[in-house]
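Working from the sequences, and respecting the hints, build out all of it.
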Amino acid sequence: MSKAKKHEPLVHITKRGTLPLWHNLAIRAIGLAAALVVCAIVLYALTGLNPLKIYGAMFKGAFGSARRVWTTIREIMMLLCIGVGLAPAFKMRFWNIGGEGQVLVGGVAAAACMIYLAPNMPLAPVLLIMFVLSALAGAIWGLIPAVFKARWNTNETLFTLMMNYIALQITSFCVSKWENPYGSNTVGIINPTTNAGWFPSIFGQQYMLNVIIVMLIAVAMYLYLKYSKQGFEIAVVGESTNTARYAAINVKRVIIRTVMISGAICGIAGFIAVAGAGHTISTSTAGGRGFTAIIVAWLSKFNSFIMLGVSSLLVFLQRGASEIASQFDLNDFVSEMIKGMILFFILGSEFFINFKVHFRTARKETENK
Amino acid sequence: MKKLIAVALVLVLALSLVACSSETNNTQGNKDVKIGVILVHDENTGYDEAHINGIKKALETCGIPNDTDHVVWKYNVPEDEKCHDAAIELVEAGCTHIFSDSYGHQAYMQQAATENPDVVFASMTGDTAALSGLKNFKNAFCNTYESRYVSGVVAGMKLQELVNDGKVAADNMDENGNIKLGYVGAYPYAEVVSGYTAFFLGVQSIVPNVVMDVLYTSSWFDPVAEGEAANTLMSRGCIIISQHADSTGAPSACQAAQEAGTTVYCVGYNIDMLPAAPTAALTSAQNDWSVYYTYAFNCALKGEDIATDWAKGYAEGANMISALGESCAAGTAEKVAEVEKGIKEGTLNVFDCSKFTVGGETVTSFLAIDTNGDFQGDEGEAIENGVFHESTLRSAPYFSLRIDGINELNNN
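Chain order of the listed sequences is A and B.
Here the first sequence is numbered in our numbering, starting from 3 and rising by one per residue.
Here the second sequence is numbered in our numbering, starting from 2 and rising by one per residue.
Possibly wrong hints are sitting among the right ones.
[Said to hold, decoys possible] Not everything, but these chain B residues come out facing chain A in the computed CB check (under 10 Å):
1) His85
2) Ala87
3) Gln107
4) Asp128
5) Ser219
6) Phe376
Bear in mind the hints are in silico, worked out from the structure with no lab data behind them.
No residue lacks a Cβ here, since even glycine has one placed at the ideal position from N, Cα and C.
Below you can see the structure in the form of structure tokens.
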């Protein structure tokens, strides 16, 4: 080996240009496949079970019957709705960790309507009122940190996180107000016999309205971010507030408006969770989805349609997970592990999408010798 | 791109084949009885562990193999629509009898019972089975108040010893010379009220001059909040701390305080607290759910109807206290045996109306069942011949009287 030769590292990394979409998707698919293989090996090593059978059970858990498919769809729509809600805020680089709280206040507003209004009113206006009030509640939950961010540049990550705790306490308070029976700390199913304020079945499907509302919002958000002037402003503020100011964009207004929209959609997610799925309210109504949806939004680069795919994958994993826990008597943590590994590989594939890896070629190696 | 789609399609087909084949396997098993279990957590919490162990023991007793053809377990099912999903999935898996272990599951179990009249649904600790009028919807509860009373006797024996040894200080007593007890409760719910009253009466049967502070944590399982509540109670001078919450938070706090020089002892619930508090813990009130599950599985195997409300206690072995700790007073075991005998034979009534007063008066009438949803009992006289009969009109406890001597510190 000659000392004079310039040392060349075994691998070096360069930034890629923009990849065509199919190439992009192919890298992700490879990542997913690799994740499945590694999971299979780990599963076999840990449990001695046939990994194909485990994957089969997961598939069956999510899609095994028409009902399961609809339950899976319901969960996908919930996650997608929150993801779509978070997207504009994150695109603006406003770290909205408060999805959980925004969903909860929306849910509380919807539950209040179900309890106080629904028994005495026809369904359509009640649902409309619930929709508006939930969106408003979520918007207010977004407005507060947004105003502080816009006016005094407070840290929105901490602020929105703290707002979650306030929302949680408000929910606890309302649960103890509405609890049934007294002292049990559960609200139970609201209007179980009259079904007042529940989403009606459409085409015989209980969750069809959930799908319609969420898909409308998702498509609208896609168009809004991609083609509207406001969507463009969001992108500019996200890249650089100085550029935005130079382009005569009112940054404060954009921040407040965008985060209100973000909160409102999360509030609507709370409405769907209460009126369209659970028919109850509890501190677990959001169920951590406000945080999971952050992954959904970021992994999809805020594209509604990719968000649909990512939500589907995450929900599939979660539904499949509980199925393998019960079929193979494995602890739920095993499925959490699978979920973690798959996410790790998908996030890892982001690296290969953004960067290209060059290996030192064999020919050069021989030259060196 | 086409290749990718083709690969994806092949994968989907392969997976559905696997899925189908496992389905046929399932239906080949014993078609008569298939048990479905819905648990709010898994074996890592004491409450669910008690149910899991109870079910496993009952399966063995009844000769039902614990495999996926006969028993399907659903772990970590939250108390929302996911419980309904789980129940329906169990029905689709061919389960004939479905059991859920948490109160919050009840509404969703009832909904599933309405939709599936051929499947039996049993909601443990629930209270609406009889009112629902559904033939396939059941409730069950162990008579926890009995074991709480006995655990109160254990605490009373210790307290008497402390009095005799002169270890009860002035700040352990209120202005009337009553010794202070403390209780960490989850919620101001009849189940909790019934439990702490039984514990209090147990202590009072040994040491008459006691009062008790109750502090609610607003959670069934919150180690930090339970520990904090215990610390608050101890700082108020409570010398014995008991609990109706599922963690070791309170016993651990008591052990720490004791090691720091405070005279304090504790009585736990569900699980043996001695590992968490070796010298502070006296005993724990416990349930053995296998008694119910054995009964229910046997009914299922014989094709008989399960009781709409099932509530059994000491006499059937559904209740007990855990092993006595080293700190227990001399003679405790003998006293416990005597009290247990009384409960089993029915000569000792936990809620003897001559032993407590409400607002200074002896209670003579209590309507236990609320039929119109206003949370006020309007039917079912619980008091007969001067005895309040708990859990006879329905399995879930309904003793919600706040008796004199017990002081709720933070009820709304």
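Quiz item: When the nearest CB of chain A is found for Ser219/B, is that gap smaller than 10 Å?
Solution: holds, 7 Å
Practice problem: Go through the hint on Ala87/B and say holds or violated, using the shortest Cβ distance to chain A against 10 Å. | Solution: Nearest chain A Cβ about 8 Å off; hint holds.
Quiz prompt | Supplied contact hint for Asp128/B, tested at 10 Å Cβ to chain A | solution = At about 7 Å, which falls below the 10 Å cut-off, the nearest Cβ of chain A leaves the hint on Asp128/B intact, so it holds.
Quiz prompt | His85/B as chain A interface residue, shortest Cβ-Cβ below 10 Å | solution = holds, 9 Å
Quiz item: Hint check: is the beta carbon of Gln107/B less than 10 Å from a beta carbon of chain A?
Solution: holds, 8 Å
Quiz prompt | Hinted contact Phe376/B with chain A - closest CB pair below 10 Å | solution = holds, 4 Å
The structure agrees with every numbered hint stated previously.
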